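Read top to bottom, the protein sequences are chains D and B.
Everything in the first sequence is counted per the numbering used here, starting at 1 for the first residue and increasing by one.
Everything in the second sequence is counted per the numbering used here, starting at 1 for the first residue and increasing by one.
Read the hints as simulated data drawn from the structure, not as lab findings.
Note that this is a predicted model, so its numbers are computed, not measured.
Fair warning: there could be bad hints in the mix.
Unchecked claim - List of simulated lysine to aspartate or glutamate pairs, DMTMM-like, C-alpha gap at most 20 Å:
hint, chain 1, residue 1, chain 2, residue 2
1, D, K6, D, D18
2, B, K114, D, E87
3, B, K268, D, E52
4, B, K114, D, D163
5, B, K114, D, D18
Claimed, not checked - On the chain D side, residues computed to face chain B include the following (Cβ under 10 Å):
hint, residue
6, T67
7, P69
8, G83
9, Y94
10, L221
11, H225
C-beta atoms are modelled at their ideal positions from N, C-alpha and C, and glycine is treated no differently.
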Amino acid sequence: MISLDKLTKRFGAQTAVDALSFEVSPGQIVGFLGPNGAGKSTTLKMLTGMIEPSGGRAAVCGFDLQTQPIEVKRNVGFVPESGAVFESLTGLEYLEMVGALYGIPQNAARARIKQFIAFFDLSFETLTDKLLGAYSKGMRRKVVITSALLHNPPVVFFDEPLDGLDANAAVGFKALIQTLAREGKTIVYSSHILDVVERVCHRVIIIDKGKLLLDGKPDELVAAHDSGTLEKLFTRLTGGTELERRAEDFARTFRP
Amino acid sequence: MKTIFLIASDSIRALLHQRLLLGVMLAWLALIIFCSVEMSSERNEITQQYNYQAATDSTGTTNGMSKRQQQRLRQSLKAESSEYQTEIYGIAVLGGDLVSLFIFSTAVSSEIRKGTIRLTLSKPVSRIQFLLGKYLGGVAVMAGYALTTALAIVAFAHIQSFSLNPAIKWAPWLMFCEQLMLGSVAMLLSLFVHPLVAAVLSFFSGNSFYSEHNPLYYILPGYRDFHIFSQVYYSSLINWKDVLFLSLYALDFVIIMLLLALWRFRAKELI
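Bound-form chain D, shown alone (with noise of 0.2 Å):
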């Protein structure tokens, strides 16, 4: 479903993805993790049409991106890690906005907005009387989750999703995510909360500097590396070994 073949992208003299390659098939829950800067933002970005590749290949449901960006784009969904949103329209204005913007019928798409602010707990007079500037940061996100969902797209991709969503909801969304991918659906989920990933992922890719570090099953890279838990792995790859001593050094200096 998702296909990357060497895919690179340069800003100037720094390159920020470098020839990245591995294949997800439908139905996977793929974690994407690595450090701030490690290059999850720009590929997600390549791959939903933002940026333009550098270099390389990658193709989306069989569409190539960099010569079927729009196709790419109609079959993907994205929920981007910054809470921005159009305050000037309000929610309701917004999704019907982007169901017109996926061909979807308006009385279908109203039907489905209904759907998805009944799953999040939402009023529909919220969404149609108060502009999106006015909302919370969680009900900002739960507007831009359905935005990502609305035109039930086969891929999907999540940086940072949780960011902002009460426990309640954090909950019914994991919970959303496993479903969707039973259906087949192709997720990709880049989180810093590295539990969640290895509860919720059925394979993570960690990578870092742009490159690819680590890709398999959470629990079978654990076993392997013998680090007990994901995110002692992910430290102990990416550098961050040191980082409890480093703490509590830094913690003395607080001391009188």
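Chain D is fixed; fit chain B onto it per the hints.
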């Protein structure tokens, strides 16, 4: 095409929510009321002046003004109405220029700065469609402004019971063309610099700041040609061929600016 119209209608809706047009209309209403009061007051003064002259004139008829005095009164009132028409038109042009600069300098750049462009471009929208949609949304808003201006001028003339000068019927259209040109420059520059800087630079991008001996005079846009203040004031006629030529000039200019903006926007890294 449908995508471009969707983006445009989205922009219009966002601007309406910002109460931009409502604010402009209220400002126009206030201006009409103010000008009506001022004009009525001045007309009364002028009429009283002539009546006083007629009453104290030793050579005039004993009842009211002479024909010559009546003619001079009519000329004074006409000059006064021309002055007000020109003033209202001038305020409309300045106000419209500022509205245009605000709308077009922030249309694309604000979405890039806020990050909402990621929400849009992850949908089946190309960068070309996005840019054209944003520009079209601004065009629709400026068309609304031009229409409001036209209605305000007509309403004012009706309230004050005077005839509009012939040139003023072209004023809203020419103002609209000029503001679209200005807006296209603002949109292009906003892809290079901060929107406020883009707006300021655009405002001073006309060739009227340079003499005809300066090469920049022939490169920079001629906004001044769209300002028909003297024609309005002196009730001159404007040839429809001149209007057509200016309209085509504006269209060509906007197309060139949008092509440059597209070139820049496509190359811009949205990180």
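Right, here's what the structure says about each hint:
1. D/K6 x D/D18: Holds. D/K6 to D/D18 sits at ~7 Å (cutoff 20 Å).
2. B/K114 x D/E87: holds, 10 Å
3. B/K268 x D/E52: Holds, because 10 Å separates the two Cα atoms, which is no more than 20 Å.
4. B/K114 x D/D163: The hint holds at about 18 Å.
5. B/K114 x D/D18: Between B/K114 and D/D18 the Cα gap is close to 28 Å, so the pair fails against 20 Å, i.e. violated.
6. T67: With a minimum Cβ separation of about 13 Å from chain B (threshold 10 Å), the hint on D/T67 is violated.
7. P69: Given a least distance of 7 Å, the restraint on D/P69 holds.
8. G83: holds, 8 Å
9. Y94: It holds, given that the least Cβ distance between D/Y94 and chain B is near 8 Å, below 10 Å.
10. L221: violated, 30 Å
11. H225: Since the shortest Cβ distance to chain B is 32 Å, the answer is violated.
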